[in-house]
Amino acid sequence: RSGCSIGCSRHYHLERIAVRTGRRVQSLPLDQELLGGCVPPGGAFVTRADKGGIQLRDADGEPVARAGSKLGKVLSCEATPDGKRMLLASSKLLGFWEVGRPTMRDGVPRRARLGGPVALSPRGDVSVDADGPELRLRSWPTGAVAGRLTLALQDDFPTSATFSPDGKMLAVGTARGVIHLIRIGGPPATASRR
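Under the numbering used here, the residue at position 93 of the sequence shown is numbered 93, and the numbers go up by one with no gaps.
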């Protein structure tokens with residue numbers, strides 16, 4: 001309650017709970033911070049590496065792979081449902097990682113003054129990242145900007161974004177509590193209000 005004095009440390013752990021019964025199934029001590037958004041299948045999970053990037057771990061917490069150290073501190077991470085593609089975002093860079101490959105592609109510059117939300121489509125071929133009221137759609141694996149959409153000024157700024165399971169719609173929530181549904185077109189990706 002009085003704050004943290006010099007020399008204190010943080011201890012992380014992951015708890016798995018059975019949804020129906022509420023019973024604790026597993027408790028794993030971790031040496032790094034758990035990073036939400038990236039939820040690979042089979043019980044695997046992702047932690048934020050201390051020196052930048054992420055660490056992919058198996059269901060028992062054992063390190064499997066690392067990625068994104070050049071991005072620095074990863075603020076958010078999004079994964080496709082099959083866990084084969086991941087989008088990592090720091091305040092200045094976006095990184096695209098095909099998990100089966102030993103290294104990820106070079107980071108794409110992200111000019112996000114406010115470090116807004118990012119989202120990756122279920123197929124991993126399109127993403128959105130926000131900078132103030134502007135949303136940038138990107139095609140992957142190159143990361144090239146494929147479309148832009150600017151929200152109205154009265155909407156304030158985006159605070160969350162997610163794709164529909166079929167990847168054809170994007171929901172964007174704003175600080176004012178407004179949710180925008182945006183239709184995503186075929187290649188090249190386009191966006192339109194709905």
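The hints are simulated quantities; they were obtained by calculation from the structure and are not laboratory data. Being a predicted model, the structure only gives us computed values, none of them experimental. The C-beta atom is built at its ideal place from N, Cα and C for all residues, glycine as well. Among the hints, a few may not be true.
[Unchecked claim] Distance windows between CB atoms, simulated:
(1) 60 with 159: 33 to 39 Å
(2) 59 with 145: 15 to 21 Å
(3) 100 with 144: 20 to 26 Å
(4) 185 with 32: 25 to 31 Å
(5) 185 with 100: 40 to 46 Å
Here is how each hint holds up against the structure:
| no. | hint | result |
| --- | --- | --- |
| 1 | 60 with 159: 33 to 39 Å | holds, 34 Å |
| 2 | 59 with 145: 15 to 21 Å | violated, 37 Å |
| 3 | 100 with 144: 20 to 26 Å | holds, 23 Å |
| 4 | 185 with 32: 25 to 31 Å | violated, 39 Å |
| 5 | 185 with 100: 40 to 46 Å | violated, 29 Å |
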